[in-house]
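Asker: This is what each chain is made of:
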Amino acid sequence: MHKRNMQWSDWCRILIRICAISCAVAVLGLVVPVILSVSGVIGNRALTGVIAVVLTTFVLLVTGLAVYTKFFVEIPREPMKPLERVVNEPMPKGFVEFKKRIYLTVCIRTLAVALAAGLLALTACVAIGKFGSVTVSRPTYILLPILTAVLAAVVMLIILRPSERHVARMLDTTFGMDEKVQTMLAFRNSKESMATLQREDADNRLQQLGLTALRHHSVWVCLCALILSAVMLGASALIPVTAGEATEAVDEPTGPVEQPFKLSEWQITAMENLIAEVRESDMEAAPKNAMVVELENLLTALRTTTTVTQMKTRVIAAIVRADEIAGNANSYDNISKLMEISTSAEVALLGEAIGTLDNPSYRTKLDEICAVLTNTDQASAFSTGVRQAVANTGVNETDALRLSLVALADAINAIAQETPTDWQDAMGDAFSAFYLASSEALDVQYANSETALKVRNKLMEIFGIDSSEIPKTGVPGGVGELPQQRPEQEGQHGAPGTGDTLYGSKDMIYYPDDNTHIEYGDKISEFYAKVQEQLQGNDYNEEMKEAIIKYFEALYGVKYPNDN
Amino acid sequence: MENAAKVKQFSESIAVIRRELKKDIVGKEEVVDCVLVAIIAGGNVLLEGVPGVGKTRLVRSLGKTLSLPFSRIQFTPDLMPSDVTGTNVIEKDENGKMNTVFRKGPIFASLVLADEINRATPKTQSAMLEVMQEHKITVANETYKLAEPFFVLATENPIEQDGTYPVPEAQMDRFMFELIMDFPNDDELFDIVKMTQVTMGESATAVINGEQILEMRALAAQVPVIDDVVRYAIRLVSGTHPEIENASDVAKKYIKNGASPRAAQALITAAKVRALINGNYNVGYEDINALAAPVLRHRIKINYNAVNERLRADDVVAMLIKETKK
Chain A
588 MHKRNMQWSD WCRILIRICA ISCAVAVLGL VVPVILSVSG VIGNRALTGV IAVVLTTFVL
648 LVTGLAVYTK FFVEIPREPM KPLERVVNEP MPKGFVEFKK RIYLTVCIRT LAVALAAGLL
708 ALTACVAIGK FGSVTVSRPT YILLPILTAV LAAVVMLIIL RPSERHVARM LDTTFGMDEK
768 VQTMLAFRNS KESMATLQRE DADNRLQQLG LTALRHHSVW VCLCALILSA VMLGASALIP
828 VTAGEATEAV DEPTGPVEQP FKLSEWQITA MENLIAEVRE SDMEAAPKNA MVVELENLLT
888 ALRTTTTVTQ MKTRVIAAIV RADEIAGNAN SYDNISKLME ISTSAEVALL GEAIGTLDNP
948 SYRTKLDEIC AVLTNTDQAS AFSTGVRQAV ANTGVNETDA LRLSLVALAD AINAIAQETP
1008 TDWQDAMGDA FSAFYLASSE ALDVQYANSE TALKVRNKLM EIFGIDSSEI PKTGVPGGVG
1068 ELPQQRPEQE GQHGAPGTGD TLYGSKDMIY YPDDNTHIEY GDKISEFYAK VQEQLQGNDY
1128 NEEMKEAIIK YFEALYGVKY PNDN
Chain B
-13 MENAAKVKQF SESIAVIRRE LKKDIVGKEE VVDCVLVAII AGGNVLLEGV PGVGKTRLVR
47 SLGKTLSLPF SRIQFTPDLM PSDVTGTNVI EKDENGKMNT VFRKGPIFAS LVLADEINRA
107 TPKTQSAMLE VMQEHKITVA NETYKLAEPF FVLATENPIE QDGTYPVPEA QMDRFMFELI
167 MDFPNDDELF DIVKMTQVTM GESATAVING EQILEMRALA AQVPVIDDVV RYAIRLVSGT
227 HPEIENASDV AKKYIKNGAS PRAAQALITA AKVRALINGN YNVGYEDINA LAAPVLRHRI
287 KINYNAVNER LRADDVVAML IKETKK
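For the protein sequence lines, the chains are A and B, in the order given. Residue numbering for the first sequence follows the numbering used here, beginning at 588 and increasing consecutively. Residue numbering for the second sequence follows the numbering used here, beginning at -13 and increasing consecutively.
If you are wondering where the hints come from, they were derived from the structure by calculation, not from laboratory data. Here the structure is a predicted model, which means the values were calculated and not measured.
The calculated EDC-like cross-link candidates involving lysine to aspartate or glutamate, where the alpha carbons are at most 16 Å apart (straight line), are:
{"no.": "1", "chain 1": "A", "residue 1": "K778", "chain 2": "B", "residue 2": "E(-12)"}
{"no.": "2", "chain 1": "B", "residue 1": "K(-8)", "chain 2": "A", "residue 2": "E779"}
{"no.": "3", "chain 1": "B", "residue 1": "K(-6)", "chain 2": "A", "residue 2": "E787"}
{"no.": "4", "chain 1": "B", "residue 1": "K(-6)", "chain 2": "A", "residue 2": "D788"}
One-sided excerpt, in silico: chain B residues whose CB lies under 10 Å from chain A:
{"no.": "5", "residue": "K(-8)"}
{"no.": "6", "residue": "V(-7)"}
{"no.": "7", "residue": "D213"}
The beta carbon of each residue, even a glycine, is placed where N, CA and C say it ideally should be.
Whole structure, please, built from the sequences with the hints as guidance.
Answerer: Right, dumping it as structure tokens:
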């Protein structure tokens, strides 16, 4: 081989061919993989990229080699002979008729197999989408069967290849013609007399056989395959999917499954009891009413709540709201904090005494403050400090604690102005009056906090909410500062019921017979049996009986249970 | 059409020949047909069989039927080549002058029976080589062409091996067919005995001549054969060679030496004749398969594996046919 001299025209042709090749590369190497990827046939983008690169590289290599050898390397060739166009003589009639019949048979077989392949591919898609864990996109339902059918048709045509030579061979084999038809085909253009005789003889024999002699078993086999694949498709589409196996062809990923929630009878009873307890508490009227309303609204909302998440959201919101009600109603915390930062030590001490709320040494501290204020200056400073602290709290002017502090400040100031001879007595009287007034106010505020704490604990217990799920309210005077449970009950509370068990049945009780702690629910039936026995056997007060019965109704969540 | 008439005449001639030969030969239709095929195809035949099965009688009947000059050469160990081909002798002419005259040997005939060819020495056997292949004799630098058609039918006694000389492979290759005439069955023997009680001579009459045989030969040569069939015949012959790259399993296992290219030529030529005899205008695979054994059995050498397994050449050829793809 040797290199040829390139002409200007050669370079132009190269350029044109490169443009054509680029278009072919773009279509084959890029567009096709992209279409396959977008349509969802190829879900993996990395695979799509690999296919695109491989196809592109292949096309470029082949075309590049062709261009190089075509334009840069001259391969010596023999002079080309004039193209001899061979015109074949037409085949005899008998052969032509058989050929047409065989071509038709091949077409039917190809069509049947292609359809069967397409249906099988569709069956696979339906089955995978229905019973498998893989989601099948809608374009795949269309493209895959079509591509499969086309591929099957191409393969069938390649295999069957209904050329004249194959037809001749098929006829010889099928009818035992001893290669007569093949010879007839091979020597179709021969003018020799023996070849002519042979053609006539072969054609006569074919015509004697007739088209009906051609059996179409293979066609029926292909048609049966088509019917079978249709049946399989129908079966895969009609077979029901059980509840546990149902899958949906969705594109978006599904989130975690929501746990269902249904408000039980005992929870309703517990809520109603809680509401009654709040009503009967010593809370202030306004916050009490607000808390009752909040609890009633919660109960109403929980009757229509269907998921645990929703339930917890509503209950936690109610707890937070209860804290806020109590916090907004109480002023002691706000007042005490401002008084504690006062420059006057006595005012700070007074603020500390107020801030502890339930402080048994509250009176003692007041006496200490009273004992310190021995002269006019101290008294005036104390009065001024109290007034300033109260004024800076922003607490409502009708607040009882504020009023008591203002009254104390006025009384101390009056004493400071008048300087009576019984200074200590006057001081004592003023502080005594303050003690009575402030104690009453503080008692009410303590009741607010205590009730809010009870509401929090009860709601947590009834609905199984952990304290870590409750956000900090940050409300001054909220229940976060009160102990959550009394020391003597520590460690003896069981887990709350799940709604399907008896109220309190998971609580742990000490069972003396076994000298161990057991769940109350394990023994409640025993207790109830004994109570029944006593109620029936003895003459008890009707009111007492009714109370006992109501108690067990509350536990069981139903009306007075039958003997069984 | 002219050829159509010739084909018709061909078929009729064959039928007539068969009928005439039946007068002298009981059974052995396959052998008779193969001999006819060989004659029309222009080949030579080696007949193998025990004494008394009708080998010589077949040839003699054939000679009468075909109206061909017939000669018989009884091969003996002392037979000289000149006894076969002829020799120059010195004769005194009318004027008393001594001249050298060539006396033709018995080979100068159309149908030559070489009886018990394996009893002659290799030197004498080789005298047949040139005449069997080229149909001419060279004696003392003089070449004498034999008249067509020329046909050698040799016989061989497989029993008596003492004092015999195996036919050289080169000469064996000159025989188109090796036909085996088996001992007749009881029915055939009954017919033979009954027939020969009437007369021991041949009753066949002349029904065809040499010129007609040549016409039949020319007609048979025109029978078309497709390339696939030719390649099949070639694969059969190549399949007898264990030393080639794509040798058949049969050849590797049972054959020591394979057939020569003459076998392929013989297959095709004879298949054309057979096809025409059977009324076909083309050669088929069946024709090749039917003639494979007569063509190959004397051309291949089986090895000790075949001998150990008590296989004959025919068995090996049958296995080869089964293994060879069409």
